[in-house]
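Participant: One letter stands for each residue in the lines below.
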Amino acid sequence: MKPRFLIPLGVFAALVVVLIVGLKDSRTVGVLQSPLVGHRIPDWSLPLLNDPNRSLSAQQLRGQWYVLNFWGTWCYACRAEHPVLLAAQRDARVQIIGVDWKDENSDALSWLAQLGNPYAQVVTDKAGDTAINLGVAAAPESFLVNPEGVIVYKEPGVITAQSWKREFLARLPPQSTVPAAAGSGS
Amino acid sequence: MRAVAAAAGLVLTLLLVAAVHPAWAVDAATLSDPVLQARYEGLIHELRCVQCENNSLADSDAPIAADVRRQIRGMLAAGKSDRQIKDYLVSRYSEFILFRPEYSWRNAWLWGLPLVLLLIGAIVAVRIVRQRAALVNEDDADVDALNS
Amino acid sequence: MLPELGHFALVLAMMLAALQGFFGIAGPALGRERWMAATTSAVAGQFVMVATAVGILVYAFVNFDFSVLYVAENSNSALPLMYRIAALWGAHEGSLLLWIFLLAVWTLAVAIVIRRLPEPFAARVLGVLGVLSFGFLLFTLATSDPFKRLIPAAADGRDLNPLLQDPGLAMHPPVLYTGYVGLAVAFAFACAAMLEGRMDPLWARWTRPWTTAAWAFLTCGITLGSWWSYYTLGWGGYWEWDPVENASFMPWLVATALIHSLAVTEKRGLFKSWTLLLAILGFSLSLLGTFLVRSGVLVSVHSFAADPTRGRFILGFLGLVIGGALTLYAWRAPLLKSNAGFDLLSRESFLLFNNILLVVAAATVLGGTLAPLIGDTMGQTSLSVGAPYFRPTFLLAIVPLLLLLSLGIHANWKRGRLEAAAKPLLVTLVVAVVLGAAAVFGFFGGHHALAITGFGIGGWIILSSLVDPIDRARRHISLSRAVLGMTVAHIGLGVAVIALTGVESYTSERDIALAPGGSAEVGGYDFKLLGTRALEGPNYSATQATVVVSREGRVITTLYPQVRDFWVQQQSRKVAGIYNLHGTDLFIALGDDLGAGRWSLRAQIRPLITLLWLGPLFMALGGALALSDRRYRLARADARAPVPGTAHGEAH
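Residue numbers (the numbering used here), protein chains in the order written: chain A, 1 to 186; chain B, 1 to 148; chain C, 1 to 652.
No wet-lab data here; the hints were simulated from the structure. A portion of the hints provided could be inaccurate.
Claimed, not checked - When the alpha-carbon atoms are kept at most 25 Å apart in a straight line, the in silico DSS-like pairs for lysine-lysine are as follows:
# : chain 1 : residue 1 : chain 2 : residue 2
1 : B       : K86       : A       : K126
2 : C       : K423      : A       : K2
3 : A       : K2        : C       : K272
4 : A       : K165      : A       : K24
5 : C       : K272      : C       : K337
Model, not experiment: these values are computed from the prediction.
Taking the hints into account, I'd like the entire structure generated from these sequences.
Facilitator: Shown next, in the form of structure tokens:
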């Protein structure tokens with residue numbers, strides 16, 4: 001068997017290896033690996049849903065753990081995620097800040113009234129500039145931010161009960177609870 | 001059981017269109033400066049719509065694409081260079097947002113591949129032609145009919 | 001009841017395919033006459049079973065049987081009849097059934113035609129096809145059964161994807177798949193030769209018509225897909241270098257190389273192992289395409305719902321089939337030697353360059369398509385590759401090919417003797433460039449260098465292709481269909497090159513916002529929005545705009561672009577308004593409701609785009625002409641026809 005006739009088979013074998021690796025990782029296809037993870041969250045400051053004259057900013061949340069959750073009333077998958085967030089809020093391990101993205105205030109308020117409000121506070125990003133500044137591609141997406149303001153994890157889609165435990169709770173310090181100052185409801 | 005499977009499929013499809021507004025937006029906004037407009041059009045064809053399956057910003061109806069386009073117009077008007085605009089978006093969305101891979105050492109294999117392939121092809125061609133030219137016999141009876 | 005019968009028919013088909021594979025390969029190996037004869041019966045039986053299954057599924061669609069899961073997922077009580085039938089191939093399971101059906105059709109055709117060929121060889125061909133059928137049927141039954149029941153039956157279906165509710169859907173997949181699957185025939189012929197351990201002198205002649213037919217279908221299928229996405233996706237693009245588009249383009253490039261390589265093998269007994277390799281490669285790319293579309297490995301507009309389990313199965317199948325064929329190749333190909341020679345500038349040389357450049361082009365596209373995966377193995381997890389990568393790299397391989405084409409068709413076999421053709425070549429080149437320059441300076445304007453180059457190259461191909469036929473006509477020598485086909489196909493290519501140059505250089509595109517009564521100018525034409533109105537379709541509500549297109553005050557046409565909102569899936573699809581004016585498309589698509597009657601629209605002026613569809617059509621036509629050549633029919637009548645290089649007196 002002349003060696004050069006084995007070249008096609010060799011190239012094909014390499015191709016199969018690449019495809020096997022691709023299959024293995026296909027869960028993450030199309031899902032962006034956020035380059036911001038491990039870095040300080042870009043500064044954000046957004047108006048509150050229930051009082052647009054006041055705002056909440058990343059600066060104000062320094063010294064606390066928080067989850068920043070982007071959602072919208074137009075987003076079907078956010079409904080699937082909602083019960084998980086409500087359960088997480090009852091757990092009170094970490095506060096969840098909701099960002100109502102590209103939405104109408106009235107719609108958001110009635111949505112929360114209807115389905116329950118898991119958020120310690122809700123802010124609005126009507127124009128979507130903050131979302132882009134944080135590299136948000138679709139809803140829902142969530143960030144876990146530590147007291148130093150560093151993004152320790154980003155969930156690029158729906159948070160499930162398992163992923164909440166596996167990715168979020170696992171990264172929190174053992175006895176963390178929601179700070180008393182950040183009251184519930186907004 | 002089948003209904004569950006069907007429902008799961010439905011949810012999967014819905015997840016794929018999770019954030020799509022019912023309204024579709026062909027973007028009629030332009031920049032007044034024709035030079036900036038030209039740069040703008042170049043950029044939006046080179047950048048991916050991050051929510052779509054394989055469309056550029058120019059060809060996407062997704063709301064987030066409209067937002068990113070608006071931001072790009074703003075950055076262009078503020079005097080940012082193409083490089084700065086792309087760097088900003090890559091720092092937020094990773095290299096995935098680029099349709100044209102960066103010309104970097106990391107991507108050398110990608111951009112070099114076509115050249116390497118062409119080189120290999122040329123080498124193979126030269127070898128075969130040399131080999132066959134040496135085998136040419138003077139009797140052309142075998143091809144006279146073909147060439148008539 | 002019926003769906004279960006359909007499922008059972010598929011099971012029977014699978015068993016018959018297994019028998020077909022077994023008898024076809026073991027029969028000749030062991031010299032069992034009866035086994036070889038039984039192969040044809042297995043083919044017929046498998047075809048009947050598959051056709052039955054398809055018929056049952058079509059029946060289920062037409063009669064709204066929502067107790068079948070696949071029907072419930074892809075149909076709806078309001079779906080028109082044409083789409084209920086076309087929905088058969090609207091999603092994964094059904095499109096797989098289409099694959100299997102077309103493979104059975106090709107196999108049946110092959111079985112009928114190659115009865116006249118030596119029996120062991122014929123049996124092996126059918127045997128290999130049987131192995132392929134078996135694999136696909138096993139895959140279908142194991143992971144993608146279209147007859148799975150939905151219990152309790154859905155009250156109504158989820159409706160066909162709105163993007164697919166279009167006449168283009170009815171045509172594109174069947175034609176494309178016919179081409180895709182047809183490459184399996186060349187693959188089977190190659191495997192049969194390798195199993196036999198020899199290549200019959202007539203092997204290339206037997207293989208050529210099948211390959212040309214598959215290639216012609218693939219050409220039409222790809223063009224249909226391009227045309228369909230052009231008018232239905234709303235932004236007027238015709239080629240995105242999307243992974244699934246690439247998955248159909250790569251086999252086409254290799255199939256083109258194959259039909260040319262077969263010519264050399266047939267005429268001079270050269271390039272035998274190349275031809276075998278190309279035959280394996282072509283079908284491998286078909287299989288790879290199937291894998292890419294269904295495994296969720298790549299991000300694409302066209303892919304079916306991702307499922308890694310299916311991906312694993314197809315990959316395993318791919319590995320076995322292609323790995324097996326390439327192992328056979330490594331073992332048998334070294335035996336195929338030839339001592340024929342040819343000069344540097346002979347036709348053989350040019351065809352060699354042609355093949356190498358086409359393979360390089362296909363490999364480049366493959367590399368770019370798989371780049372995200374390759375990058376992933378090296379730790380680069382967010383690599384993305386699009387048109388800005390593919391365009392320059394593809395052109396790098398293709399432009400040399402286009403330039404060499406005109407030279408190649410005038411080169412003699414073995415000796416070249418291009419000096420004799422120097423004058424006509426030079427004249428045609430100059431005329432083409434002059435005409436191109438005239439078109440650019442006199443008519444189109446702008447973009448001088450690239451446009452003149454493109455028009456010049458395309459024009460040169462056309463003119464140089466005409467030199468020989470015109471010369472023969474003048475000397476009252478008849479043209480064989482093979483030569484005529486070649487000429488038509490090459491002219492088609494030249495036309496396509498001209499069209500691409502025109503479309504890429506001179507398209508005007510603008511997004512405009514108009515109030516009723518408002519107008520805007522795009523590319524020299526005025527688009528005036530008269531207004532919009534609502535209307536209802538069988539399963540959708542639409543907004544339709546009335547746009548009047550005029551130029552220098554004179555009205556040319558009125559267009560009615562629509563946005564259709566489909567009730568069931570709550571998705572929209574655009575229908576562009578397109579008017580063709582002397583080969584230029586005036587294109588308008590509706591965008592967004594900006595309130596108060598104002599709408600955004602996308603207007604495009606696309607010069608020469610009609611040629612973009614006509615060019616490939618000519619290419620396919622040329623292929624059809626070539627394969628209807630007398631010598632193939634003679635070859636069928638008498639399998640012991642003369643050896644290549646004697647008699648016949650054709651110059652192709």
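Participant: Look at each hint and say if it fits the structure.
Facilitator: Here is what the structure says about each hint:
{"no.": "1", "hint": "K86(B) with K126(A)", "verdict": "24 Å, holds"}
{"no.": "2", "hint": "K423(C) with K2(A)", "verdict": "45 Å, violated"}
{"no.": "3", "hint": "K2(A) with K272(C)", "verdict": "16 Å, holds"}
{"no.": "4", "hint": "K165(A) with K24(A)", "verdict": "23 Å, holds"}
{"no.": "5", "hint": "K272(C) with K337(C)", "verdict": "8 Å, holds"}
Violated hint for the displayed structure: number 2, the only one.
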